[in-house]
Structures are given as structure tokens and as C-alpha cells.
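Generate the whole structure from the sequences, applying the supplied hints.
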Amino acid sequence: MNCYKRLILVLGVLVSPALLCAQNVSDLIIAEVMAQPDSVSVVDDYGRRGGWIEIYNTSMGTVKFGGCYLTDDPAELRKSLIPKNDLATSLGPRQSRLFYASGRTHDGTFYTDFTLSPGKTVYLVSNDGRTVIDQLTIPEDLPAGKSVARIANDAKGLTFDTVSPCDPTPGAYNGDPTAASKSDQMAERDPHGWILTLVSVSVVFSALAILWFFFWLLFERPAKKRSLDSARDDRFAAGDGKKSARKGNPVISTKAKGRMEKSTPDGEVAAAIALALDMEESGDVYAAIALALHLELGATAHDAESFVLTIRPTPHSAWNNPADGFRRRP
Amino acid sequence: MEHIYESLIQFWQYTGFANCTWQNLAMIAIGIVFITVAILKEWEPLLLVPIGFGMIIGNIPMFPGLNIGIYEDGSVLNTLYQGVKQGWYPPLIFLGIGAMTDFSALISQPRLILIGAAAQMGIFGAYLLALACGFAPAEAGAIGIIGGADGPTAIFLSSKLAPDLMGAIAVSAYSYMALVPVIQRPIMLLLTSKKERAIEMPKPRQVSQKEKIIFPVVGFLITAFIVPSGLPLLGMLFFGNLLKESGVTRRLAETARGPLIDVVTTLIGLTVGASTQADKFLSGKSLMIFGLGLGSFIIATTCGVLFVKGINLFIRNKDRKINPLIGNAGVSAVPDSARVSEVVGRETNPNNHLLMHAMGPNVAGVIGSAVAAGILLSFLG
Numbered sequence: 001m002n003c004y005k006r007l008i009l010v011l012g013v014l015v016s017p018a019l020l021c022a023q024n025v026s027d028l029i030i031a032e033v034m035a036q037p038d039s040v041s042v043v044d045d046y047g048r049r050g051g052w053i054e055i056y057n058t059s060m061g062t063v064k065f066g067g068c069y070l071t072d073d074p075a076e077l078r079k080s081l082i083p084k085n086d087l088a089t090s091l092g093p094r095q096s097r098l099f100y101a102s103g104r105t106h107d108g109t110f111y112t113d114f115t116l117s118p119g120k121t122v123y124l125v126s127n128d129g130r131t132v133i134d135q136l137t138i139p140e141d142l143p144a145g146k147s148v149a150r151i152a153n154d155a156k157g158l159t160f161d162t163v164s165p166c167d168p169t170p171g172a173y174n175g176d177p178t179a180a181s182k183s184d185q186m187a188e189r190d191p192h193g194w195i196l197t198l199v200s201v202s203v204v205f206s207a208l209a210i211l212w213f214f215f216w217l218l219f220e221r222p223a224k225k226r227s228l229d230s231a232r233d234d235r236f237a238a239g240d241g242k243k244s245a246r247k248g249n250p251v252i253s254t255k256a257k258g259r260m261e262k263s264t265p266d267g268e269v270a271a272a273i274a275l276a277l278d279m280e281e282s283g284d285v286y287a288a289i290a291l292a293l294h295l296e297l298g299a300t301a302h303d304a305e306s307f308v309l310t311i312r313p314t315p316h317s318a319w320n321n322p323a324d325g326f327r328r329r330p
Numbered sequence: 001m002e003h004i005y006e007s008l009i010q011f012w013q014y015t016g017f018a019n020c021t022w023q024n025l026a027m028i029a030i031g032i033v034f035i036t037v038a039i040l041k042e043w044e045p046l047l048l049v050p051i052g053f054g055m056i057i058g059n060i061p062m063f064p065g066l067n068i069g070i071y072e073d074g075s076v077l078n079t080l081y082q083g084v085k086q087g088w089y090p091p092l093i094f095l096g097i098g099a100m101t102d103f104s105a106l107i108s109q110p111r112l113i114l115i116g117a118a119a120q121m122g123i124f125g126a127y128l129l130a131l132a133c134g135f136a137p138a139e140a141g142a143i144g145i146i147g148g149a150d151g152p153t154a155i156f157l158s159s160k161l162a163p164d165l166m167g168a169i170a171v172s173a174y175s176y177m178a179l180v181p182v183i184q185r186p187i188m189l190l191l192t193s194k195k196e197r198a199i200e201m202p203k204p205r206q207v208s209q210k211e212k213i214i215f216p217v218v219g220f221l222i223t224a225f226i227v228p229s230g231l232p233l234l235g236m237l238f239f240g241n242l243l244k245e246s247g248v249t250r251r252l253a254e255t256a257r258g259p260l261i262d263v264v265t266t267l268i269g270l271t272v273g274a275s276t277q278a279d280k281f282l283s284g285k286s287l288m289i290f291g292l293g294l295g296s297f298i299i300a301t302t303c304g305v306l307f308v309k310g311i312n313l314f315i316r317n318k319d320r321k322i323n324p325l326i327g328n329a330g331v332s333a334v335p336d337s338a339r340v341s342e343v344v345g346r347e348t349n350p351n352n353h354l355l356m357h358a359m360g361p362n363v364a365g366v367i368g369s370a371v372a373a374g375i376l377l378s379f380l381g
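Protein chains in written order, with the numbering used here: chain A, 1 to 330; chain B, 1 to 381.
Accuracy of the hints is not assured; some may be wrong.
[To be verified] Quick list of in silico lysine-lysine cross-link-like pairs, DSS-like style, CA-CA up to 27 Å:
id, chain 1, residue 1, chain 2, residue 2
1, B, Lys321, B, Lys212
2, B, Lys318, A, Lys225
3, A, Lys225, B, Lys212
4, B, Lys203, A, Lys225
5, A, Lys224, B, Lys203
6, B, Lys321, A, Lys225
7, A, Lys224, B, Lys321
8, B, Lys280, A, Lys182
9, B, Lys285, A, Lys182
10, A, Lys225, B, Lys210
11, A, Lys224, B, Lys210
[What the hints assert, rightly or not] Computed far set for chain A versus chain B, every beta-carbon distance over 10 Å:
id, residue
12, Val43
13, Arg94
14, Gly108
15, Pro170
16, Ala290
Rather than coming from a laboratory, the hints here were simulated on the basis of the structure. Backbone N, C-alpha and C fix where the C-beta goes; we use that ideal spot for every residue, glycine too.
Here's what the structure looks like:
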């Protein structure tokens, strides 16, 4: 398997769980519903006061909800279609959108085909027209000017369990802003910190172990294989292949040894010396070291490593190099 | 005449002499010590000089309400301080670090990545100690990150979790980073035998340019998918490295690792120093933070060295054994901790160059501390 195939495999493994867990309409909830407005309730784009439904995105990604439905009738789940072709029908992470229950969908994208009244249940239906994503029942005794809302369990508004009547907060966060922070919750759940420590250490190790595995798979293993193949080829080329193969000894020819030595860079030593001296010497000394290394190591002291000092002849100087003089069109 | 006298009295009230307290003088003295140490001993001069001078600036006694202090909204210092407070200086520094870091030592020996993970135990050890000392979990997390030995990460996380403690945490982190050779060497000598210190590691293979280009992309994807909360740091680190290795964005890479990081380092050092105003800095908490910071460095170094010794127990091939002296380099004080490995290694075996081997865990430590910061942020932020 060549490097590119391995890379595609790695990326595939990485991306597949992401695709499986991509944010979708199931992350939406009906966060708040108001059935009967009072004189200070929010007005729609036409200056009317009426019931409204607040849809909230609980996920950490943007959700497109065009094509979904809102309804107040479980027997008719496709009652009020949310248009697909409106760019405004996407909701950012932990954002909300109001739908006015005007009973006239032709008023606009965010208007429903039904009105609201106490005792009704509002359903948010997926774009397949069958799956109910969320539903919220308006209490019979909900007074005018009050709404029923799902209250956030946490300060970040990620989970909602409690449903209760409250003062309406259209388009705003439903929850107690003074609720316990994550830190306070952690202090309660894990006062000595062992759980967080164990989880965190596991995650750090896992993240870096996965990194190690991928790079071992992608590069180190093939490199070792190439090196062994190369040594074997040289062994056969030197004519002692059969003999050594019979004995089972990994005999490496002089030519192969030379190549391996060349591939394990002398520049490493140079790099070590240069970096170790970094703290101690001045620029003049760097230049002297670079010249000495250049003369000593010749072509093996390369420019690929950051820590190797080399003097490389170039056809252009800083004054006439076209690459330095022109800027690419942005 | 009386008017002149009143004016002089009023002027006197505005001067630093009239508003001076012993705490201000103490902080100014600490600032001068930082500058002196940075210049004479050359301990992290690029950081300690701006921080030290920032301490002096921040502790000049002044009459409040003139809109010049770092904590007064709209002042020049306050505007510059927003980069620290809002956490956008550290990712810019990470961009520069990425553009100047060569990951080949890591790519050539991927197994060394795990040492970078082991050394992050310092972070969580300090977290446990801080909790035991009575700090709130968010404060403990911010203090723990000192063990990552990474100044920008410490500033980034403390600005999110415990802004009140940020000055003490940043100064503690940078101070101990400067003291890495002093702190780590005795621990390394204590935990290793002469035979172990003499272990010569095989030369790392040469890494191709293709591998270097793929590394930042794949490395970022893996780490960011696992810990998205570390995105600002990880994204900038790997992006900077891609600029360096791609070979077609030389000017951008040079700017990132040159003028950009210099400007941001100057501003971050100065403003962090200036944020250590005596009334906010001189407290029992700050002293505890310094103590815990030292503890975190000791734990990190110990865990790194012991982890390598543990790995060696499972390596049968004698030629592939790892010198435990590179375990200390798992903390991300680049390249100081790797230099310590080299120096201590050569004390035992003058021909044993450990520097390039130690750079592997060293840069892995940068990634590891950013991942750890992301985890702490997601749990406590």
C-alpha cells in the first residue's frame, strides 16, 4: 500500500465517525412556546401580537432545518412546511429562531399554518415528514402573557430537561444565568479531582497514541520496510545473497552500509553541536561553525533541517532574486 | 499664593510618591530582579525582560481614575491587555512556534510522542494538589497548566478559567521555564543510573519533505477532532508548521516566526507583567501558585523519566532502548528541556548526543499541553 493510499485510509477513518455523528435536525428542540399574548408581548413583522414558537439548536454545529415541519396535529405531521430555499433556515450553535403562529404561512418563512391556544401540543417534525423530533404541550391553565419553556440545565445551554411556565424570553437564553458553573458542578461531583484527572490523562494519552499509531502506520513502518528491501537488494547485487540467505544472517554489503550511513545523517551531529552552542556563542562563531561543517561534511549537511547551519551557494542574492521581489497575486 | 499652594498639593497627590505602598515597591523590586536575571544569567530574556519591565510599569503608584491603568477600561494598557484577557495573543504565539518548530525528530520516531503525553501528568498532579489546597476546580485547572511548561497555553487557559490568577500563573510558568535546567537536572540524576544515562539511541532516520507536509494536516485533524476545545492553540500551531513545511509560503512562515511572534511576545510579556499589580498579585494565593507550579514541574519531569524507564522494560532489542534522560523533555519548554537532556547525557558519555532525540518528546509536549488545556477547558470552562 503506497503512502497516498495510507493517507486516504487514515483520513477516511478520521472522517467517518464525524460523518456518522454530524449535527442534524435531531439536535433541535422546541425551547419555548407562547399561546396567548398580552399587551406587551413581542410583535411579528406585521405589527401583530400572537402566539409564537421558539426553536433552539442544542448542538455545537450549524443545523439546516429547511424542509422540516411544524404542526399542532399529530394526525397531520406535514401541516406547516418550513421552506427549504431560505438561507435563514439554518441555525448556528446554541442559537434560536422564532416562528409566529399566525395561521397564515404565506406571511413568510417563519410563520405557521396554525394558531396556538392553551392545551395544544406543538410538534417539530423531521424533513422526512414522519419523525417527531420534539414536542411541547401548552398547559391548559397558562395565563395570557406567559409562555412555557424548557429550562437549560447548565450555563452553556446544552441540555434541557425541565419544562415550566415562565415569563416569555423570545429569542433569548432559557435558563438561570446564575446557575452553577461547570466548575461548581465539578466541585460537587468530583471534589478531589480524581475522575477528571483519570479521564483527562486517558484522553491525552489516547490522542497522542492515535497520532503515534498513524505516523507509525503511514511512515515509520514503510520506511523500515524500504530500508530492509534496499539492504536485501544490495546483498543480492553483491553476490552473497544466496549464501547469507541460506545461513539466515542479515548480511549487508559495503555499498548498502555506505548508503545507510548516508541516510542516517551526519548532519544530526552537526545539528546537535550547532544547537548546543546556540546559547553560548555569537554570530561570528555561527558563521565559523557553519563553514567548518560545510567543509567537513560537504553535501551531507543539508538544508532540510532547521537546526543545521549550512552555506549553500545560490544563483541569486537577496537583491536580484525574483522570488523576493515579486508578490504573488492574492 | 494660596492657589499655587493648592495646585502643588493637588499635583503631589497625583504623584507616585504620595500613592506609594510597600507592596508597590516590593513588586517593582521583583520586576528589577527579573530584568537582572534575564540580562546577567540570560534566563529566558525574551520573556523575563518584558515581564519584569511590565511589573515595574504596572506597579507605579498612581491616582486612580486617570484612565491609564491596565485595569481601567479604555486605557492604552487596557487595550493591549485585551489580547491576554480575551486570549488571542497565545494562539498568535503558537502560530509562530509552529512556523519555527521542526517536527522531524518526532516524525522519525513516533514512539517518542508518548513521552510527551506522560509528562503532562505534571498538569494533573498540580490540579489534584491545588484542589487539596482549597482552590476551586477552575482555578486548580488553570494552576495545573503551569506543569505543561508552556507560557502561552498557561495564559490562554487561565484567561478562560481564572482571570484573577492569570498574572501569578503566567509569571510562575515563565519563571519555572527559565529555571528548567536548575529544576530538572537533579531529578534526572536522582531517577537514573549511570548505565541508563549512557544508553546510546539509534540515529533517527531522515524524514522526507512529504512527511513533514502531511504531519501538520493529519496531526491537526486527529487532535482537533478529539479535543475541539484546543482548536485555537492546535489550529495555529499546525497551521504555522504547514506554512513552514509547505515550501511555497516562505514569506508567511518567516513573518510568523519572525516579526509577528516578536511583536506578540513583547506585548504579552509587557501586559502580563503590568497585570501583576501589587493589590492583585501580592497575596497568599500567589505564593501557593508558585509552590504548586514548582510541584507541577517536578511531577512532570519525574513522570517523563519514569515513563521512559517503564517503556524500556518492554523493549527487548537492546539497540532500541530509549535513554531515560529524554523523559524530562516531555514538558514543552522548547528547546530548553531538550538541551538539559543533551547536557546531562554528555556528562556521562561525551559522545552521546541526545538533543535530536529529546526534541521528539519536546515538541510532542507542545501538542500534549495544548490537548490537556483543551480538555480542562471543556470540563471546567
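Right, here's what the structure says about each hint:
1. Lys321(B) x Lys212(B): 25 Å, holds
2. Lys318(B) x Lys225(A): At roughly 20 Å apart (the allowed maximum being 27 Å), Lys225(A) and Lys318(B) satisfy the hint.
3. Lys225(A) x Lys212(B): Roughly 19 Å between the alpha carbons, so the hint for Lys225(A) and Lys212(B) holds.
4. Lys203(B) x Lys225(A): Distance of about 17 Å is within 27 Å: holds.
5. Lys224(A) x Lys203(B): Answer holds: Lys224(A) to Lys203(B) is near 13 Å, not above 27 Å.
6. Lys321(B) x Lys225(A): Roughly 20 Å between the alpha carbons, so the hint for Lys321(B) and Lys225(A) holds.
7. Lys224(A) x Lys321(B): 17 Å, holds
8. Lys280(B) x Lys182(A): This hinted pair holds, its Cα atoms lying about 25 Å apart.
9. Lys285(B) x Lys182(A): 22 Å, holds
10. Lys225(A) x Lys210(B): 18 Å, holds
11. Lys224(A) x Lys210(B): Since the Cα atoms of Lys224(A) and Lys210(B) sit roughly 17 Å apart, the hinted pair holds (cutoff 27 Å).
12. Val43: Since the minimum Cβ distance to chain B is about 36 Å, Val43(A) lies beyond 10 Å and the statement holds.
13. Arg94: For Arg94(A), whose nearest Cβ neighbour in chain B is about 14 Å away, the distance exceeds 10 Å, so it holds.
14. Gly108: Holds: least Cβ distance 35 Å, greater than 10 Å.
15. Pro170: 28 Å, holds
16. Ala290: Fine: 17 Å to the nearest Cβ keeps Ala290(A) off the interface.
In summary, the structure agrees with every hint in the numbered list given earlier.
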